[in-house]
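Asker: Here are the chains, one letter per residue:
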Amino acid sequence: KAGVTQTPRYLIKTRGQQVTLSCSPISGHRSVSWYQQTPGQGLQFLFEYFSETQRNKGNFPGRFSGRQFSNSRSEMNVSTLELGDSALYLCASSLNPGGLNSPLHFGNGTRLTVT
Amino acid sequence: EDKVVQSPLSLVVHEGDTVTLNCSYEVTNFRSLLWYKQEKKAPTFLFMLTSSGIEKKSGRLSSILDKKELFSILNITATQTGDSAVYLCAVEAGNNDMRFGAGTRLTVKP
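Order-wise, the sequence lines are chains V and B.
Residues 1 to 115 in the numbering used here are what the first sequence lists, from first letter to last.
Residues 1001 to 1110 in the numbering used here are what the second sequence lists, from first letter to last.
Check before you lean on any hint, since a few could be wrong.
As the list claims (entries may be wrong) - In the DSSO-like style, the derived pairs of lysine-lysine whose C-alpha atoms are separated by at most 30 Å in a straight line are:
{"hint": "1", "chain 1": "V", "residue 1": "57", "chain 2": "B", "residue 2": "1041"}
{"hint": "2", "chain 1": "B", "residue 1": "1003", "chain 2": "B", "residue 2": "1056"}
{"hint": "3", "chain 1": "B", "residue 1": "1068", "chain 2": "V", "residue 2": "57"}
{"hint": "4", "chain 1": "V", "residue 1": "13", "chain 2": "B", "residue 2": "1041"}
{"hint": "5", "chain 1": "B", "residue 1": "1037", "chain 2": "V", "residue 2": "57"}
{"hint": "6", "chain 1": "B", "residue 1": "1109", "chain 2": "B", "residue 2": "1037"}
{"hint": "7", "chain 1": "B", "residue 1": "1068", "chain 2": "B", "residue 2": "1057"}
{"hint": "8", "chain 1": "B", "residue 1": "1037", "chain 2": "B", "residue 2": "1068"}
{"hint": "9", "chain 1": "V", "residue 1": "57", "chain 2": "B", "residue 2": "1003"}
{"hint": "10", "chain 1": "V", "residue 1": "57", "chain 2": "B", "residue 2": "1040"}
{"hint": "11", "chain 1": "B", "residue 1": "1041", "chain 2": "B", "residue 2": "1056"}
{"hint": "12", "chain 1": "V", "residue 1": "57", "chain 2": "B", "residue 2": "1057"}
{"hint": "13", "chain 1": "B", "residue 1": "1056", "chain 2": "B", "residue 2": "1068"}
{"hint": "14", "chain 1": "V", "residue 1": "13", "chain 2": "B", "residue 2": "1040"}
What the hints assert, rightly or not - Partial list, derived from the structure: chain V residues whose beta carbon lies under 7 Å from chain B:
{"hint": "15", "residue": "43"}
{"hint": "16", "residue": "103"}
{"hint": "17", "residue": "108"}
Said to hold, decoys possible - To spell it out: a stretch of chain B is covered by chain V in this simulated footprint if at least three of its residues, at any positions, have a beta carbon under 8 Å from a beta carbon of chain V; those stretches are:
{"hint": "18", "region": "1023–1029"}
{"hint": "19", "region": "1058–1069"}
If you're looking for bench data, these hints aren't it; they were derived computationally from the structure.
No residue lacks a Cβ here, since even glycine has one placed at the ideal position from N, Cα and C.
My request is simple: use the sequences and hints to build the entire structure.
Answerer: Structural data, given as structure tokens:
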């Protein structure tokens, strides 16, 4: 069974630009969550999608948005990029919403650098 | 506010040592506690704990949860250099939020 796939692996953008990251969950998983990981803040929850609906959202500004498609693939968009958005963005999928009694399976992440 | 606190933040040991990593939490409507190992990129799942006092074991790794005192420990016996990683504790709360601790960076020297 293929794992969680994130594309691209690396991305370099300049301030003010926007970026879209993609995540394909494990086959059969309908829940997709996004996390931002930085050395100072650790893993911070961005949002979770289940059956194309956003179920939960973390404490991030509106510049961060996402969506999920009918095949459970998810995209995350960050507009008007800031230097502080430089981070590893991890996507995780699980069988049940909220990881309810089913662990998260993480992708390898997208390393975003904003210059 | 929900929080998950891991200690120590970093640890350096030698091969063969036994280590104990700690995770304490304060969340609303606790559902489960999970441990992950992150080596380079993707955290990989280790254990999910939902009941107090029941030890989960996988090879040299074991973990237990205390829901009364609100903490969990992850034990690694006879450590190897391949155990070097960041160990993440995450707690799933009743608001469907999965909150992660900052992690413990374990370095095992040969």
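Asker: Each of the hints needs a verdict: does it hold here or not?
Answerer: Cross-check of the supplied hints:
no. : hint            : verdict
1   : V/57 - B/1041   : holds (23 Å)
2   : B/1003 - B/1056 : holds (23 Å)
3   : B/1068 - V/57   : holds (29 Å)
4   : V/13 - B/1041   : holds (21 Å)
5   : B/1037 - V/57   : holds (24 Å)
6   : B/1109 - B/1037 : holds (18 Å)
7   : B/1068 - B/1057 : holds (21 Å)
8   : B/1037 - B/1068 : holds (25 Å)
9   : V/57 - B/1003   : holds (16 Å)
10  : V/57 - B/1040   : holds (26 Å)
11  : B/1041 - B/1056 : holds (25 Å)
12  : V/57 - B/1057   : violated (33 Å)
13  : B/1056 - B/1068 : holds (18 Å)
14  : V/13 - B/1040   : holds (23 Å)
15  : 43              : holds (4 Å)
16  : 103             : holds (4 Å)
17  : 108             : holds (4 Å)
18  : 1023–1029       : violated (count 0)
19  : 1058–1069       : violated (count 0)
The structure does not agree with the numbered hints 12, 18 and 19 stated previously, though it agrees with the rest.
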